[in-house]
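When you get a sec, could you build the whole thing from the sequences and use the hints?
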Amino acid sequence: LSLTDAWGNASFAFNADADIKGQSIDDFVGYANITDLSVNGAHKSLDEAYSNTSAKVNSIAFSTVLDEKGQRHTTMNSDFCRGKIDGTYKFSTIGDSFGQIFKTYLPSLTTSDYSRKTNNKMSFALDVSSYDFIKRMTGVDIDGRDNLNMYGYLDDNTGTVNIYTTIPKLVF
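Counted from 1, the sequence shown has number 59 at position 59 by this note's numbering; the numbering is strictly sequential.
Note that these hints are calculated values from the structure, not bench results.
Check the hints yourself; a few may be wrong.
Cβ pair distances, simulated, as ranges [as the list claims (entries may be wrong)]:
#1 Asn33 / Leu106: 20 to 30 Å
#2 Asp67 / Tyr151: 27 to 37 Å
#3 Ser38 / Lys117: 21 to 31 Å
#4 Ser115 / Phe14: 13 to 23 Å
#5 Ser108 / Asp17: 36 to 46 Å
#6 Asp36 / Gln71: 28 to 38 Å
#7 Asn162 / Ala10: 33 to 43 Å
The C-beta atom is built at its ideal place from N, Cα and C for all residues, glycine as well.
Structure follows, in structure tokens:
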């Protein structure tokens, strides 16, 4: 699939039930239910070094629909988090939108350029209930005693961002 180069020659195994239509990750609609996901192999961590990792997730389900106004509505539910994004956005540039926020407001947290033009306008919500999968996939030694809750709004065109979060106890 070549969705990312961060995994090198890692192997992914899973069962899937899906009905997805579209030309790219940015215009697809439909749903996918993934069960028994396992990942084994080298992963590029945040410091650009590859390390061996393995992880397992019992279930990930997501769906994306377009409404009559062209607004995209995406939901995701899994063993470790629940999330939703509503608005006009491209999946391929969501990371860049948040990277630009970090670059502007918290520059010490990123060394990446994030100069690609983005045009996302979205509201979002995320509830993380388990940090193990995230820890294994990112290489960041993070743990929490309670759920991390985050919701907000982002508009690339106006530079508006509002993020609200509750992190009762987070350990690095």
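Cross-check of the supplied hints:
For the pair Asn33 and Leu106, the beta carbons lie near 35 Å from each other, so the given range of 20 to 30 Å is not met. Roughly 20 Å separates the CB atoms of Asp67 and Tyr151, a value that falls outside the hinted 27 to 37 Å. Between Ser38 and Lys117 the beta carbon distance is about 37 Å. The supplied range of 21 to 31 Å is therefore violated. In this structure the supplied range 13 to 23 Å is violated for Ser115 paired with Phe14, their Cβ-Cβ distance being about 34 Å.
Taking the beta carbon of each, Ser108 and Asp17 are about 43 Å apart, inside 36 to 46 Å as hinted. Take Asp36 and Gln71: their Cβ atoms lie about 33 Å apart, and the range 28 to 38 Å holds. Distance hint check: the CB atoms of Asn162 and Ala10 are about 36 Å apart, consistent with the given range 33 to 43 Å.
In summary, the numbered hints that this structure violates are 1, 2, 3, 4.
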